[in-house]
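Enquirer: Required output: the full structure, derived from the provided sequences and hints.
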Amino acid sequence: MVDTNTIKAPAPGTFYRRPSPDEDPYVEEGDRVGDGQVVGLVEVMKNFIEVKAEQDGVLESFLVENEDLVEAGQDIAALTGG
Amino acid sequence: MNKVLVANRSEIARRVIRACRELDYATVAVYSDADRDALHVREADEAVGIGKPKARESYLNVERLIEAARETGADAIHPGYGFLSESARFAEACAEAGITFVGPRAGAIAAMGDKAAARRLAGKAGVPVVPGGEAPASGERVGEEIGYPLLVKAAAGGGGRGIRTVRDGDELQGALAVAAREAEAAFGDPSLYIEKLVEDARHVEVQVLGGSDGQVLHLFERECSLQRRRQKLVEEAPSPGLSARTREEMTAASVRLAAAVGYTSAGTVEFLVDRDEHFYFIEMNTRLQVEHGVTEMVTGVDLVREQLLAAAGEPLELSQDDVRIDGSAIEFRINAEDPERDFHPSPGRIEVAELPGGPGVRVDTAIYAGYSVVPFYDSLIAKLMVWAPTREQALRRGRRALGELRIEGIATTAPLHLRLVDDDRVRAGDVHTGYLEELLAPRESTEELAGPASE
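Chains as they are written, first to last, in the numbering used here: chain X, 99 to 180; chain V, 5 to 459.
Hint data in this document are derived by calculation from the structure and do not stem from the laboratory. Computed from a prediction, not measured in an experiment: that's the story for all the values here. Heads up, a few of these hints could be off.
[As the list claims (entries may be wrong)] Here are a few chain X residues that face chain V, going by a calculated C-beta distance under 7 Å:
hint, residue
1, P110
2, G111
3, M143
C-beta atoms are modelled at their ideal positions from N, C-alpha and C, and glycine is treated no differently.
Expert: Structure (structure tokens):
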């Protein structure tokens, strides 16, 4: 059984897939990620908060674009468990 | 000067609009798409939308701001603090467009904006600087000379940003490489310099004011030692930890430095003061300061008014002898951050906003019940300031006013302030820049965050 889950935004703000503009994205779609692994950042009030996977799995796809505005709890990426 | 465009938002935009109104200058507010419902927009005579919520696409967009001034016929721009207030490029763009920039000359901004060059200037003006020097070429040598621990700082940083602590010589080269990369990413300039870490130092800063006629005077000092991650949370005037002699030396040094750069507006010279009251220049902020209100409360001088008049070419109405300290004032920064959750940002809708009042209380804010604190900008939502004849009474008044403050719907730093006004060390004025973090430990790490903050 394949269990699909989502990684959610920890805070409202601007979503980034890279640690800084000239670095590679934290993860690519299709990559395997581990519980607690950072997959992006949300910039809120000049703070950068890490977006983390909360279980092991494969990050199937991002549901928002880099630099999109996100709400707290909004789905950021689809994760297939297992 | 007839019409002033305020290139800022929130409480500081309102503060500037108020000063303009008292001087009969017409006002123009600007706002991003996130700030349509903001009070500064309603209160200005005119308001112009300048773009998307992200600061880069609105409040930091120089061309759009100049265009907004042209569209509305504004002949002056006040930058507030943060955003473009310390951008020499913005000051120049205003000058080229024939618009008065309410601040110092672009040359003075640039001279102080490079923090390494500012150190050299201070040294030349006979102002003591923290032992240190250029990096990284002479990093190793400087490290040996001044000793550890030391700080690696970004020359283009300032305001507590772009700073890295180095405990010993083994860490130095690695720290320089990382810091240069971070400085390049955050400020577009990898230049670094090194300073000795002054242990248990207080942060004390001197307010200066330069007139269009070249006269420079000071308005005494503010103590800003209660900080978290190098961001101030409580400021007061005067400092409870300075002898009269140190005060005299520091204020004189500040006036010398401001005069040396031909300073013609309000500015702040920041120092560290060690346990033996040796003071060392760290940087000069060439703009209005967030905490300017406590100076206004103890001196009776309206700093924004003075800034506007200086920009309009009026000579200072004040002389140094007119400036006296009366009583004691304290500012508590009410931030949309949750002290119970490691100061996690807490934007969101404010359901209840009851602000304190009564004798000796001033609240500079832009919130109201039903207002939504947006996630795009600084977390400061209100500045609660109190004045009283003595520091002891000011602390009591602070506790009383904090008790009256009710903000519901989002978490704020108000509960932390209630704890601080009852803290023995705070009450005794016996604090240094590391004290607040010690008080909050071990629940919180003091790990450094680098980020492209704007103030």
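Enquirer: Are the hints correct? Go through all of them and say.
Expert: Now for the hints, and whether the structure bears them out:
no., hint, in the structure
1, P110, "holds, 4 Å"
2, G111, "holds, 4 Å"
3, M143, "holds, 4 Å"
The earlier numbered hints are all upheld by this structure, with none contradicted.
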